[in-house]
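Just so you know, the protein sequences line up as chains G and C, in that order.
Everything in the first sequence is counted per the numbering used here, starting at 1 for the first residue and increasing by one.
Everything in the second sequence is counted per the numbering used here, starting at 1 for the first residue and increasing by one.
Hint data in this document are derived by calculation from the structure and do not stem from the laboratory.
Beta carbons are placed, not taken as given, at the ideal position from N, Cα and C, and that holds for glycine.
There's no promise every hint is true.
[To be verified] Short derived list, chain G residues pointing at chain C, Cβ under 10 Å:
#: 1; residue: 2
#: 2; residue: 7
#: 3; residue: 37
#: 4; residue: 43
#: 5; residue: 52
#: 6; residue: 61
#: 7; residue: 62
#: 8; residue: 106
[What the hints assert, rightly or not] What follows is a list of derived Cβ distance ranges for each label pair:
#: 9; chain 1: C; residue 1: 46; chain 2: G; residue 2: 53; range: 26 to 32 Å
#: 10; chain 1: C; residue 1: 62; chain 2: G; residue 2: 113; range: 41 to 47 Å
#: 11; chain 1: C; residue 1: 42; chain 2: G; residue 2: 83; range: 31 to 37 Å
#: 12; chain 1: C; residue 1: 69; chain 2: G; residue 2: 77; range: 40 to 46 Å
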Amino acid sequence: KAGVTQTPRYLIKTRGQQVTLSCSPISGHRSVSWYQQTPGQGLQFLFEYFSETQRNKGNFPGRFSGRQFSNSRSEMNVSTLELGDSALYLCASSYSGDPNEQFFGPGTRLTVL
Amino acid sequence: AQTVTQSQPEMSVQEAETVTLSCTYDTSESDYYLFWYKQPPSRQMILVIRQEAYKQQNATENRFSVNFQKAAKSFSLKISDSQLGDAAMYFCAYRKVQGAQKLVFGQGTRLTINP
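Okay, chain C solo, but in the shape it has when bound (with noise of 0.2 Å):
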C-alpha cells in the first residue's frame, strides 16, 4: 500500500521569506502523481501543484515549486516570498495514474506566517 509521510507537524516564516515543506512517500509504482494541497480556515482544500513522476522537470506555479527527487521518494515544497494568506495547513497527496481518483494524504503540516 502506498504511504505519504509529512514529518514536520508545524511550520512557520516570516512574511516574504521562503519555507520549505517537507514529503516522502512509499510506492512500487512506476508512474503515479503527487500534489500538495492547501487547506485554509475555512476548510476549503485548495490544490496548489501537481508532479507527474514521469516528469523529471519540477513542477512550478508563481511562488510555489517542489523539488522532486524520485529515487529518494522526495516531494518537497518551497514557498517563496511568503504572504500571511499563505497560512493554512498544507497536506502531501500522492495518487496512481490508472484507475480510481484515491488520494492518500500525508498528515499535514500547519504553516504560520509571521508578520
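Just chain G, same shape as in the assembly (with noise of 0.2 Å):
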C-alpha cells in the first residue's frame, strides 16, 4: 500500500498570501488529521476530518481552515500568510475501526518570508 502523501514538499511564500496544501491518505483510511509543526511551539493539532466533516478543531485562527473531498484527500488553506505561519504541516490518516494508529506523511515545509 502506498503511504500517505502530502503536496507540495516544499513551499515558500510571502506574508499576505495564502497556500494550500494537499493530503492524499493511505488506501481505505478515511480520517485524515493535520498538525503544525514549529520549534518553539511543537507539535499542535490543527483539524481532523472524517467523511468529509470536521469532526475536531484545534485552537488556531479561523485563517486555518481544511476540507476533505469525497475520496478521503484533505486540503488546507491558510490565508494572509504570517511569519508565524512558517513551519513544517503534517498530515497522518488513519482507519476508522481497530486498530487505528495515525500514520503520517512526510509533511510539507511552508517558509513565509
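Given two chains presented individually in distinct reference frames, assemble the corresponding complex, making use of the accompanying hints.
Structure, rendered in C-alpha cells:
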C-alpha cells in the first residue's frame, strides 16, 4: 500500500498571501488529521476530517481552514499568511476501525518571508 | 485538557547500550492510548510502539519496550541494544479512545547514538 502523500513538499510564500496544502491518505483510510510543527510550539493539532466532515478542531485562528473530499483526500488552507505560520505541516491518516494508529506523511515545509 | 510532558530535551547513549526516555501525562480519562513516535532527520513521523491504557501488560516491539505506570501517569520508552539508526527525535503522544483522532504530543527528546 502506498503511504500518506503530501504536496508540495516545500513552499515559500510571502506575508499576506494564501496557501493550500494537499494530503492523500492511505487507501481505505477515512480520517485525516493535520498538525503544525514548529521549534517553539512543538506539534499542535490543527483539525481532523472524517467522511468529509470536520470532527475536531484545534486552537488555531480562522485563517486556518480545511476540507476533505469524497475520496478522503484533504486540503488545508492558510489565508493572510504571517511569519509565524512558517512550520512543517504534517498530515496523518487512520482507518476508522481498530487498530487505528495514525500514519504520517512526510510533511510540507512552509516558509513565510 | 490533556497534557504530555517529556522532561529530557536531549539524551545520548553509546551504541549497543540501553536508554530510557521519560514521559508523563495528565488526563481525567480512564481509557486512552499512549504512543511513542520517532522522527528522524527526514522528518517522517514513524510509530514506534503503542499502549492501550486498559492493558496492564507493557507493550513490546523488538528492541523497544515501555514501562506503563497508570497510577503514576508515566509512560517511559526503553530502547535496548541501541543502533545508529535509532538517532532521532522521540515524541510521546496521548489520544482518547473515543471520538476524534487528536494526538497530544510532548515536546520531544532528541536521542543521539554515540558509535
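List in ascending order the numbers of the hints, as given earlier, that are violated by the structure. 1, 2, 5, 6, 7, 11
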